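Peer 1: Chain A is already provided as a structure; the job is to place chain B on it using the hints.
Number of protein chains: 2
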Amino acid sequence: MLLDGHIFKYAYSIIVYMFPKDGRMTLTVDDIPKQWYNIAADIGSPDILNPGTMKPVTAADLSPVFCKTSVEQELDKTHRFIDIPDVVREAYAQFGRVTPLQRAYHLEQYLGTPAKIYFKREDVSPTGSHKLNSAIAQTYYNKRDGSEHLTTETGAGQWGSALSLACNYFGLDLTVFMVKVSFEQKPFRRSIMETYGGKVYPSPSPMTRYGKSVLAENPTYGGTLGTAITEAVEMAVSDTTGKTKYAIGSVANHVCMHQTIIGQELIAQLNELDIVPDHMVACVGGGSNFAGFAFPMIEKKLKGKADTEFLAVEPSEVPSLTKGELRYDFGDSGCITPMFKMYTLGHDFSPSAVHAGGLRYHGMNPIVSELYHNKIINAVAYPEEQIFEAAVTFARTEGIIPAPESSHAIKGVIDLALEAKKKNEEQVIVFNLSGHGLLDMVGYENYLRNRKNPAVQI
Amino acid sequence: MLLDGHIFKYAYSIIVYMFPKDGRMTLTVDDIPKQWYNIAADIGSPDILNPGTMKPVTAADLSPVFCKTSVEQELDKTHRFIDIPDVVREAYAQFGRVTPLQRAYHLEQYLGTPAKIYFKREDVSPTGSHKLNSAIAQTYYNKRDGSEHLTTETGAGQWGSALSLACNYFGLDLTVFMVKVSFEQKPFRRSIMETYGGKVYPSPSPMTRYGKSVLAENPTYGGTLGTAITEAVEMAVSDTTGKTKYAIGSVANHVCMHQTIIGQELIAQLNELDIVPDHMVACVGGGSNFAGFAFPMIEKKLKGKADTEFLAVEPSEVPSLTKGELRYDFGDSGCITPMFKMYTLGHDFSPSAVHAGGLRYHGMNPIVSELYHNKIINAVAYPEEQIFEAAVTFARTEGIIPAPESSHAIKGVIDLALEAKKKNEEQVIVFNLSGHGLLDMVGYENYLRNRKNPAVQI
Numbered sequence: 008m009l010l011d012g013h014i015f016k017y018a019y020s021i022i023v024y025m026f027p028k029d030g031r032m033t034l035t036v037d038d039i040p041k042q043w044y045n046i047a048a049d050i051g052s053p054d055i056l057n058p059g060t061m062k063p064v065t066a067a068d069l070s071p072v073f074c075k076t077s078v079e080q081e082l083d084k085t086h087r088f089i090d091i092p093d094v095v096r097e098a099y100a101q102f103g104r105v106t107p108l109q110r111a112y113h114l115e116q117y118l119g120t121p122a123k124i125y126f127k128r129e130d131v132s133p134t135g136s137h138k139l140n141s142a143i144a145q146t147y148y149n150k151r152d153g154s155e156h157l158t159t160e161t162g163a164g165q166w167g168s169a170l171s172l173a174c175n176y177f178g179l180d181l182t183v184f185m186v187k188v189s190f191e192q193k194p195f196r197r198s199i200m201e202t203y204g205g206k207v208y209p210s211p212s213p214m215t216r217y218g219k220s221v222l223a224e225n226p227t228y229g230g231t232l233g234t235a236i237t238e239a240v241e242m243a244v245s246d247t248t249g250k251t252k253y254a255i256g257s258v259a260n261h262v263c264m265h266q267t268i269i270g271q272e273l274i275a276q277l278n279e280l281d282i283v284p285d286h287m288v289a290c291v292g293g294g295s296n297f298a299g300f301a302f303p304m305i306e307k308k309l310k311g312k313a314d315t316e317f318l319a320v321e322p323s324e325v326p327s328l329t330k331g332e333l334r335y336d337f338g339d340s341g342c343i344t345p346m347f348k349m350y351t352l353g354h355d356f357s358p359s360a361v362h363a364g365g366l367r368y369h370g371m372n373p374i375v376s377e378l379y380h381n382k383i384i385n386a387v388a389y390p391e392e393q394i395f396e397a398a399v400t401f402a403r404t405e406g407i408i409p410a411p412e413s414s415h416a417i418k419g420v421i422d423l424a425l426e427a428k429k430k431n432e433e434q435v436i437v438f439n440l441s442g443h444g445l446l447d448m449v450g451y452e453n454y455l456r457n458r459k460n461p462a463v464q465i
Numbered sequence: 008m009l010l011d012g013h014i015f016k017y018a019y020s021i022i023v024y025m026f027p028k029d030g031r032m033t034l035t036v037d038d039i040p041k042q043w044y045n046i047a048a049d050i051g052s053p054d055i056l057n058p059g060t061m062k063p064v065t066a067a068d069l070s071p072v073f074c075k076t077s078v079e080q081e082l083d084k085t086h087r088f089i090d091i092p093d094v095v096r097e098a099y100a101q102f103g104r105v106t107p108l109q110r111a112y113h114l115e116q117y118l119g120t121p122a123k124i125y126f127k128r129e130d131v132s133p134t135g136s137h138k139l140n141s142a143i144a145q146t147y148y149n150k151r152d153g154s155e156h157l158t159t160e161t162g163a164g165q166w167g168s169a170l171s172l173a174c175n176y177f178g179l180d181l182t183v184f185m186v187k188v189s190f191e192q193k194p195f196r197r198s199i200m201e202t203y204g205g206k207v208y209p210s211p212s213p214m215t216r217y218g219k220s221v222l223a224e225n226p227t228y229g230g231t232l233g234t235a236i237t238e239a240v241e242m243a244v245s246d247t248t249g250k251t252k253y254a255i256g257s258v259a260n261h262v263c264m265h266q267t268i269i270g271q272e273l274i275a276q277l278n279e280l281d282i283v284p285d286h287m288v289a290c291v292g293g294g295s296n297f298a299g300f301a302f303p304m305i306e307k308k309l310k311g312k313a314d315t316e317f318l319a320v321e322p323s324e325v326p327s328l329t330k331g332e333l334r335y336d337f338g339d340s341g342c343i344t345p346m347f348k349m350y351t352l353g354h355d356f357s358p359s360a361v362h363a364g365g366l367r368y369h370g371m372n373p374i375v376s377e378l379y380h381n382k383i384i385n386a387v388a389y390p391e392e393q394i395f396e397a398a399v400t401f402a403r404t405e406g407i408i409p410a411p412e413s414s415h416a417i418k419g420v421i422d423l424a425l426e427a428k429k430k431n432e433e434q435v436i437v438f439n440l441s442g443h444g445l446l447d448m449v450g451y452e453n454y455l456r457n458r459k460n461p462a463v464q465i
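Quick mapping for you: the protein sequence lines, in order, are chains A and B. Following our numbering, the numbering of the first sequence begins with 8 at its first residue and continues without gaps. Following our numbering, the numbering of the second sequence begins with 8 at its first residue and continues without gaps.
In isolation and in its complexed conformation, chain A is listed as follows (with noise of 0.2 angstroms):
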């Protein structure tokens, strides 16, 4: 299945974007989407638990832990869409958004599939994935909600990345805790919030009384996402001051909705060109990039208005869709976050240290959880052998080198533009290409020796 040879003859080709509407030449915050689409108001959202009530949160009960408006979007059940403020929208464009929408016809002919294959381009992020959609948005409310100093964990780094510049261009003061595993694989990653601004520990770090006891415990712990998790919230919530906040990356519902801004852009960039995709394909770690692409487009299928088959991959390494439980479970490792009902591997799980940093999630966003329990969504697993196939066969094809979690979606956008060849069916796959993986040349290395390439040699 990998692209060793060299195949293309001089093929065609055509990059799609998204221009302004009018024939100016010149893309402004105007173009940007002006707000962002709240699922929870059309389908609901299961109640988020304070473990020692066993009672649905309230506002006050998270207050010490997110900027008031924070809290109000995780808990707003009502209101469909959210106007984005205009700062948002002037630093989503200063960032690269609108982010084109480009056609992998080199991957297609590599296939030899007669379906259509597009991808929407977060990786031409400054900070290389989707994760500054949120970033900016927490940040500013944060800034405006009257926080100094944010706190926040990362895996792969993409996060704590797109968290430092966001900072740094709002204002605050950044705390990040880096999975340690992770800390010491991607000292890249590591000086580029650095270079933003970004203070960064290891975690489990002596910085917390939680990172104490785990280390304590287990000196050479790698640490989990989990475990940074309790790390942020515990020195967010210990400043008695309310100045220092807590910022999340993924899983809770306002991160999701701060990334409907992909799905939004993307509506738009489909219907320009008249298209209703067959199938749409993210990656899922703690499920904000799937949501953020996919969640304008479920709304339309639930209202009738688009028969699109939405697909979530996973690692096989950490597989909270398709082998784990639909219950009640914490948000961290140590037990200081409410509950979620979502589909989790435990609170306590410790996955194999898979070069997809991202994906290392015990849990799933409590909607997306949802939407696959109803079988609105489906799922499938790969393990990560055939993740970096897919990427290498990307690279080799469209020339950019993918994220290991966005290969996760490529590969099941191959295994879906194979089906249709079988079927010869001119189906039409989308999917979010949410970050490229120029941090993560590790994995790639890692791959290519022990495959043998041949056409690898030194």
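No lab work stands behind these hints: they were computed from the structure. No experiment lies behind these values; they were computed from the predicted model shown. There is no bait here: all hints are sound.
Because identical chains share one entry, a pair is satisfied inside a single copy or across any pair of copies.
Simulated crosslink set (SDA-like; lysine to any residue; CA at most 25 angstroms straight-line):
{"no.": "1", "residue 1": "K206", "residue 2": "Q393"}
{"no.": "2", "residue 1": "K206", "residue 2": "V449"}
{"no.": "3", "residue 1": "K41", "residue 2": "Y112"}
{"no.": "4", "residue 1": "K206", "residue 2": "E452"}
{"no.": "5", "residue 1": "K219", "residue 2": "H156"}
Peer 2: Frame of chain A, contents of chain B only:
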């Protein structure tokens, strides 16, 4: 001068792109300029000399090294415009051209300058720099002219990455000699080349006669671009079947001509905005990014249609224009290339290990050299620490982490913008962001550590 704090309140921002003129929503191959500009037809170019005869080289002299079309283009002093083959234009479209022109509002705001700063985004190429513009052209011509295998050198790895992708695209094998210090310091760059299917050897290597001789003298020698060029050329000319040719990443006239796609697009974009720049700034190593960016506008200046000033920025550690001599010299360390009339530090120059590996070349494109000698362009050199200060300032204001090479241009721009501030002149400054720095984080890390930046703490 470095931006440590947080200065952006909610600034207004716009991204300036070039869009199709007819209101279409898609960017296709039709939007790619149809011709390269060959400045040698307007202002001539010093003869290249055969070192054996000290007479001008003939096409026959060069044909063991380059494919037929590359030789013709290198020696062409008559055709002002050269048609870009459709398949090359298709590949340009496939890999992200037309590139955006973007305004650096936040950098302007941070500097408090009345100057307007624009930058051309060559960083959006999938291989991260402008290098793909010539890689695609050379690889296509080699394929058409019957080559089956290319050899080349790479310093920072940007040229090698671009040529690896281009060779995979057009179906040629590729051998890359990577300067050994870079090979060791930049394993990720090597993995990128291998992901695209290139074979990579550290230079000096035991693969060539010259490499063996250098290793025999000094087994731990870290190599230079000059050494790597000798190895790549030796491997090409040693293949008596004629199926192996050498491809060059900079310095040569045909490379500079291919890069004029940048300047041609730029002029269209500036026309659309109704702007004539007061200053155009680019970094210089071998000269190809400066040439491609500036030559089309230099033509206008020479014809009295613009009074733009041009600034080439180089490292103080490798000051070929500002401290070199204008004379005939070899293009490589092993003295197997022809001789070029150029500003040179001597073909045996061994630069210190600056992080801007793409600028560590002893010579300069002959036409760029002539333009500097005739005071049509200016040049300035800055030391590495000031370059990284400018780089971090740009990252913190515009969000994009620039390549160390491109950061030379940024430093030049900052100084011009501060001068405009002193004089209170609303000048327009345009620079070429020739690449991103995501694979150069070691340089950033060293800089941040040595600065003892209070915002950085681990």
